[in-house]
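A.B. asks: Top line first, the protein sequences correspond to chains A and B. All residue numbers for the first sequence refer to this note's numbering, where the first residue is 1 and numbers rise by one. All residue numbers for the second sequence refer to this note's numbering, where the first residue is 1001 and numbers rise by one.
Some clues are possibly wrong.
[As the list claims (entries may be wrong)] Where chain A lies over chain B, by a calculated footprint (3+ residues, C-beta under 8 angstroms):
#	segment
1	1147–1159
2	1188–1196
[Unchecked claim] Selected chain B positions facing chain A (in silico; Cβ < 10 angstroms):
#	residue
3	1010
4	1019
5	1082
6	1112
7	1114
8	1221
9	1222
10	1225
11	1226
12	1228
Source of the hints: derived by calculation from the structure; they are not laboratory data. Values in this document were obtained by computation on a predicted structure and should not be read as measured data. Ideal Cβ placement from N, Cα and C applies to all residues, glycine included.
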Amino acid sequence: MSLTRVFFVFFFLPASILLYRLTPIKVRNALLLLLSLFFIAWGSPADLILIGLSIVFNYFTALELDELRRAKKVRQKKLVLATGIAANTALLVFFKYFIFLLNSIGIGVHFAVPDVPIGISFFTFSAISCLCDVSNGNEPALKNPVDFALYISFFGKITSGPIVKFSDMAKQIRQRNMTVGSVEGGLKLFIVGLSKKLIIAGSLGKLFHAVKAEDLSSMSVATAWLGALFYSLMLYYDFSGYSDMAIGLGKIFGFSFSKNFDHPYISDSMTDFWRRWHISLGAWFRDYVYIPLGGSRVSKRRNIINLSVVWVLTGLWHGANWTFVVWGLYHLALLLIEKFALKNFLKMIPRMIRIFFTFILAVIGWTIFFSDNISYAWSYLLRMFGAGGSGLLDSVGKYYLTSGGILLMTAIIGATPLLASLGSRIDKKESTAAQLCVTAFFALLLLGSTAFMISDTVSSFLYAQF
Amino acid sequence: MPSNQKSPKLWITCMFMVIVICFDIIALVMPDKDFSETENRMLAQAPVASSKSITEGTLGEDAEKYLSDQFAFRDAWSNLSFFTRSMLFGQKEMNGVYIGKDGFLMLIPSEPARESLQKKLSAINAVTEKYGEINHCIAVIPNAEAIMTNKLPSYAPASKQPQQLDDISRSFRGITCCNVSELFKKHRYEELYYHTDHHWTSRGAYLAFTAIASDMQIQADDTQYDIYTVSDSFQGTLSSKSGSHGYNDTIEIYVPKGEHPISVRYSDSTETSGSIYQKDFLNTKDKYALFLGGNHPIVTITTTADTDRTLMLIKDSYANCFAQFLTPYFDQIIIVDPRYCYDSVDMLINQYEITDLLYLYNADTFMTDTSLTDFLTLESDNSEQSKE
Chain A
1 MSLTRVFFVF
11 FFLPASILLY
21 RLTPIKVRNA
31 LLLLLSLFFI
41 AWGSPADLIL
51 IGLSIVFNYF
61 TALELDELRR
71 AKKVRQKKLV
81 LATGIAANTA
91 LLVFFKYFIF
101 LLNSIGIGVH
111 FAVPDVPIGI
121 SFFTFSAISC
131 LCDVSNGNEP
141 ALKNPVDFAL
151 YISFFGKITS
161 GPIVKFSDMA
171 KQIRQRNMTV
181 GSVEGGLKLF
191 IVGLSKKLII
201 AGSLGKLFHA
211 VKAEDLSSMS
221 VATAWLGALF
231 YSLMLYYDFS
241 GYSDMAIGLG
251 KIFGFSFSKN
261 FDHPYISDSM
271 TDFWRRWHIS
281 LGAWFRDYVY
291 IPLGGSRVSK
301 RRNIINLSVV
311 WVLTGLWHGA
321 NWTFVVWGLY
331 HLALLLIEKF
341 ALKNFLKMIP
351 RMIRIFFTFI
361 LAVIGWTIFF
371 SDNISYAWSY
381 LLRMFGAGGS
391 GLLDSVGKYY
401 LTSGGILLMT
411 AIIGATPLLA
421 SLGSRIDKKE
431 STAAQLCVTA
441 FFALLLLGST
451 AFMISDTVSS
461 FLYAQF
Chain B
1001 MPSNQKSPKL
1011 WITCMFMVIV
1021 ICFDIIALVM
1031 PDKDFSETEN
1041 RMLAQAPVAS
1051 SKSITEGTLG
1061 EDAEKYLSDQ
1071 FAFRDAWSNL
1081 SFFTRSMLFG
1091 QKEMNGVYIG
1101 KDGFLMLIPS
1111 EPARESLQKK
1121 LSAINAVTEK
1131 YGEINHCIAV
1141 IPNAEAIMTN
1151 KLPSYAPASK
1161 QPQQLDDISR
1171 SFRGITCCNV
1181 SELFKKHRYE
1191 ELYYHTDHHW
1201 TSRGAYLAFT
1211 AIASDMQIQA
1221 DDTQYDIYTV
1231 SDSFQGTLSS
1241 KSGSHGYNDT
1251 IEIYVPKGEH
1261 PISVRYSDST
1271 ETSGSIYQKD
1281 FLNTKDKYAL
1291 FLGGNHPIVT
1301 ITTTADTDRT
1311 LMLIKDSYAN
1321 CFAQFLTPYF
1331 DQIIIVDPRY
1341 CYDSVDMLIN
1351 QYEITDLLYL
1361 YNADTFMTDT
1371 SLTDFLTLES
1381 DNSEQSKE
């Protein structure tokens, strides 16, 4: 089920909220689990089997790890943990990377691997987080299978995260503070996320796809940059919108997930960028890959190796393509340069200039990210810097500038904390007039999102006569 | 539940619940619609749950389609999103349609597939060569995007069609090729194309006819026409595609003066009609179907012109409103739409004793459609292929 379509917004969500409020606290987790299973089955019942198997396997593995940890059987615990991580990784690799791996080592594939199940990159990472946290003693395993199943499958986060750490969520699954006020706050976040995704990201996406369909060999510098900017902002609005919705849904049902995006495009360094972009993924790699490898408390050489492992994996996590690996390495290179070469130099540069260059570097990274292959990415980057193509600004560039300029400016302003701080200042006022304004604004966002939700399905069906 | 010190504010919750529940009630109460006039398509209906649709997961997708197709005030939502995109964000194209100046909507032509275009041109040349005794003529009409350049959005990329049409005309052998690009550009202020539909107007078709007629050795000046406006509330395909509904087009028909009794027969229907105009369609969304009732595999028009000439018109929908100009000059006109007709060109030429052959297409269809090549494949080619 998609969070941005009619059934979820107009039926599933209000019904879930009402049912949840009417259900006794003891069985609320069971209710959320049932809703989550229905949510998964709605689009692809086959995924239910796979997710079910993953739940059963990880539930028992976590219990076993808990047992071994209490009994202080370290070697057995390590063995079980390794098996558990290997099994989850194998599942992910099979569905997501199998064909890519075979192609990479020169084996043509003549059979089809089943469709990638929804949220596999997210729920396998959640499961690994659970196994590690239980094994380390950060958090005891969830004894109640309903609770554990809910941790893996909660409908707010199953499709696109955030990857909530087991130790953070398990406590909340056992007991959480539920107030009507949290529904209010959760719905606000949900509506903001919905409109970010449907209104802004959807429109930017159309512009980006139009630019990408242009002939690359004759692309001007302006067109190439506009395309890259459309994509960079689309990706931000799409993913952060999604995260807002997921966190909002969590809040509605009493969970408190930490934020996944924190205005990444006002970062003043790449290190800062990765503290603000897809925070939960960065935290996962930090906690379950980087630190276990020794983190930064090792020799400089070893530290660089550790970082390389993290960034190759981060790249690959985004998809089975060499472009993602290159994108990961690009960020690795920038981070290393920042960390080891430019640390003191950067401090002398005014913050605004650092923000500008960090943004530009991130945009360049996204061009590698959105390219279908390395050679396309290379040609696209050449166009961005004026090699080949048709000059600085041609009529195609002017066309996209007039056609997408306003939206782009809106999106850039919206990516800064300006609007949010203005909004929260009005929101804090107790007066009825202020509350009425805020409510009207959210109603407008909800109705606007509905317009895009409905009209995006207006089919481009041409008459039979054409 | 913890007691609340202050009574919490629930404005957003109430607003959200009221809005969604209102729409849920409307959805339950309002009867489902079968057809959308604005979009000109059948709307999705309530899906039926079966064990197959549940296990394969199609039920959820079908239900989503049903819910959004039947969503209350569907047209108003699409207008609202059009308004946001074009007025607020200033976007210049929507779903493959340019939002031009003065509300002029223009189809953005698709890129032609070179190889299949080449095959098509060779197929036409082969037919011309095989049937040397017939007068062959071809007219590929540029789309509005190539002619109404003054109405394109600012800085819209220059149309590639003029160049493409030049290239096409050069590759024909033994067939008269009528390129109306220059003529149309000269007359671009005369409403040659609908503002909200991808077709040309009768006025555009008439202008092309004056040029094509001389290529076909027809004395076009002899005929005078009565021009009638039959609709002033036409919103065509481009309106539906883009979601822009701010302009109403006028449809005119050109009826040859004097007595020209005709009989029109459709290969996919048993009825015969005395006119090429099917006025019932003026009461529907699809008003352009006034001309010949839309597309059919083969339409046969029999006239009393007594000119000993029989025309085969191989065409797309642009020719539907062109037929009104041809009736005074041929005893019989066989109108073939290769997209729906599975007969071969050889069979039809021999069966009807064709004397004249006219290909009439708009550039976008001509360059992308592949059914014409299949239709033109000659019988000898087939036997050669089967030998291989």
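A.B. asks: If a hint holds in the structure, say so; if it doesn't, say that too.
C.D. replies: The hints, checked one at a time:
1. 1147–1159: holds (count 6)
2. 1188–1196: violated (count 0)
3. 1010: 6 angstroms, holds
4. 1019: 6 angstroms, holds
5. 1082: Holds, because the Cβ-Cβ distance from residue 1082 (chain B) to chain A comes to roughly 7 angstroms (cut-off 10 angstroms).
6. 1112: 14 angstroms, violated
7. 1114: Because about 14 angstroms separates residue 1114 (chain B) from the closest Cβ in chain A, which is outside the 10 angstroms limit, the hint is violated.
8. 1221: It is violated, given that the least Cβ distance between residue 1221 (chain B) and chain A is near 31 angstroms, above 10 angstroms.
9. 1222: Constraint on residue 1222 (chain B) not satisfied, violated at 31 angstroms.
10. 1225: 24 angstroms, violated
11. 1226: At 26 angstroms from the nearest chain A Cβ, residue 1226 (chain B) fails the 10 angstroms test, so the hint is violated.
12. 1228: Constraint on residue 1228 (chain B) not satisfied, violated at 22 angstroms.
Comparing the model with each earlier hint shows violations of hints 2, 6, 7, 8, 9, 10, 11 and 12; every other hint is respected.
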